[in-house]
Amino acid sequence: NAGVTQTPKFQVLKTGQSMTLQCAQDMNHNSMYWYRQDPGMGLRLIYYSASEGTTDKGEVPNGYNVSRLNKREFSLRLESAAPSQTSVYFCASSEGRATIFYGYTFGSGTRLTVV
Amino acid sequence: QQQVKQSPQSLIVQKGGISIINCAYENTAFDYFPWYQQFPGKGPALLIAIRPDVSEKKEGRFTISFNKSAKQFSLHIMDSQPGDSATYFCAAAGGYGNKLVFGAGTILRVKS
Chain W
1 NAGVTQTPKF QVLKTGQSMT LQCAQDMNHN SMYWYRQDPG MGLRLIYYSA
51 SEGTTDKGEV PNGYNVSRLN KREFSLRLES AAPSQTSVYF CASSEGRATI
101 FYGYTFGSGT RLTVV
Chain E
1001 QQQVKQSPQS LIVQKGGISI INCAYENTAF DYFPWYQQFP GKGPALLIAI
1051 RPDVSEKKEG RFTISFNKSA KQFSLHIMDS QPGDSATYFC AAAGGYGNKL
1101 VFGAGTILRV KS
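Here the protein sequences line up with chains W and E, keeping their order. Its first residue numbered 1, the first sequence is counted upward by one per residue in our numbering. Its first residue numbered 1001, the second sequence is counted upward by one per residue in our numbering.
If you are wondering where the hints come from, they were derived from the structure by calculation, not from laboratory data. Take these hints with a grain of salt, some might be off.
[Stated by the list, open to error] Partner residues aside, some chain W positions facing chain E, computed with beta carbon under 10 Å:
| id | residue |
| --- | --- |
| 1 | Gln6 |
| 2 | Gln37 |
| 3 | Ala92 |
| 4 | Phe106 |
| 5 | Arg111 |
If you're wondering where the values come from, they're calculated on a predicted model, not measured in any experiment. Built from N, CA and C at the ideal position, the CB exists for glycine as well.
Input sequences plus hints: build the corresponding full structure.
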């Protein structure tokens, strides 16, 4: 049982390049999330998908787009990478039901450097 | 504006001692308060969580204390071990999407 799988694990981009971070979960969770982690700032929500077919902006959505491809997969796209997007990106999933919430399961992260 | 404020930023504790990390929140709509543990190169993992209808929850050496009126909660690690050395995040959630808002994190080092 893999849980949440993120690819790639590492990536170096040049300013202006685009890329898509992939995330897949095999726990039949309804909700999926993308966070970025920066030193001293904790984890900040970029976008989330409360259920299949819906996506919403989080705290820091600028410069990103997402696609909830199906119930399992939630991708994050950087259209034109900037050095400020250098970060570690985490995907997470959860049950997402209103009355039962058991927290998130996180992937192992993608370390992205934009030069 | 950080909705969940966490302190201290870093903490050094002797083996066998008690580690205490504190968090405060503003949004009274929050109704779920977890703590996550993160080792280098790994994603955060759920450690323990509490809902506001109880004031304390204990799981092994880990205890959450919750003060609803003060809007504060804390993590206590009893008999701290070198294997507990990690980054700890408090968080809070409530409302549509069950979005977790995280504190800035505390780097814990347990000295043997």
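Hint-by-hint comparison with the structure:
no. : hint   : verdict
1   : Gln6   : 8 Å, holds
2   : Gln37  : 9 Å, holds
3   : Ala92  : 8 Å, holds
4   : Phe106 : 3 Å, holds
5   : Arg111 : 9 Å, holds
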